[in-house]
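Student: Position 176 of the sequence shown, counted from 1, bears residue number 176 in the working numbering, the numbering being contiguous throughout.
Careful: at least some of the hints might be erroneous.
Claimed, not checked - Cut-off 25 Å, straight-line C-alpha distance, at most; resulting in silico cross-link-like pairs (DMTMM-like, lysine to aspartate or glutamate):
id	residue 1	residue 2
1	Lys56	Asp44
2	Lys224	Asp261
3	Lys117	Glu148
4	Lys73	Asp187
5	Lys117	Glu170
6	Lys302	Asp270
Because the hints were derived from the structure by calculation, they are not lab data. These numbers come from a predicted model, not from an experiment.
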Amino acid sequence: MAAHRAGRRLSLLSLILTKPGQHVPLCCVYSPRWKSSGPSSLQDRQREIMARGLPKQKPIAGVGQVVVVASGKGGVGKSTTAVNLALGMMAIDPSKRVGLLDADIHGPSVPKLMNLKGNPELTETNRMIPLTNYGLPCMSMGFLVDEEAPIVWRGLMVMSALEKLLRQVEWGSLDYLVVDMPPGTGDVQLSISQNVPVAGAVIVSTPQDIALLDARRGAEMFKKVHVPVLGLVQNMSVFQCPNCQHQTHIFGSGGARQLADTLGVHFLGDIPLHLNIREMSDRGQPVVISSPDSPEAEAYRKLAAAVLLRIQEVTV
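From just these sequences and the hints, can you work out the full model?
Tutor: This is the structure we're talking about:
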């Protein structure tokens, strides 16, 4: 039996790199100059052409609602937020089954944050079985390559890998799938938005002005592809000295809340800048699990409650 399982694990990377089905992302659709009698007919013709190139959305087998966690730039704590959000959703309602998909092909963080290593096994139909820790099934490109190996792939290979992570994972039955998106507003974000019915997007930002500029771009991108923006999360909102309890707004104060008001979207909550969050994340022991009674864990549970409420509002 062990030899059989080992044999099935050998072909995982080759499975990921097989040629994907035909897919034309929105940014690649060519719109030629059509002769028309007026601007309105030209616009209608262009919309028709673009609609032909868009893939049809198909649900992920066994998955109820898909929630993407995104940011306009890296380094704002998006992956840590995604992990603790997924665990917070489970903590609020243990009857709900939640999964976590790491869609960052070039820089997967979930294996480290969830303390997971090794290759997923394959079912008889060549579907990958997620690795599980803390009761949370997870899938990541980091399970398929060496931890220190760089993933130097061009766009077509990345999109092929993403398609397999979306369509060839045996999730079983999930109520919610939390997707940790790569930073930015590129092919991966467009592909997931166009191929999968997404219940909503959670945008993570720090209060810093430069981060807020990119968070705004991220929110506007999801609006353009008709994905509901569930709201903004203000990460690293305040630092409290562990000795004197003095609070310092290192990255500024209230920037994400103000941006949410400007964009007309919900503000989902503040997550503090706390040493415990960083230390537990580095150990692969998310704070919602390792320190459930801490104020930091409570902040993530409040975020999870706000996200669940927003999903109900946008899917009614």
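Student: For each hint, tell me whether it holds in the structure or not.
Tutor: Evaluated hints:
The straight-line distance between the Cα atoms of Lys56 and Asp44 is roughly 20 Å, inside the 25 Å bound, and the hint therefore holds. Between Lys224 and Asp261 the CA atoms are separated by roughly 19 Å; this keeps the pair inside 25 Å, and the hint holds. At roughly 12 Å between alpha-carbon atoms, Lys117 and Glu148 fall within 25 Å of each other, so this suggested pair holds. A distance of roughly 15 Å separates the Cα atoms of Lys73 and Asp187; the hinted pair therefore holds under the 25 Å criterion.
Of the supplied pair hints, the one linking Lys117 and Glu170 holds, its CA atoms being roughly 18 Å apart against a limit of 25 Å. Restraint check for Lys302 and Asp270: satisfied, since their Cα atoms lie roughly 9 Å apart, inside the 25 Å limit.
Consistency note: the structure conflicts with none of the earlier hints.
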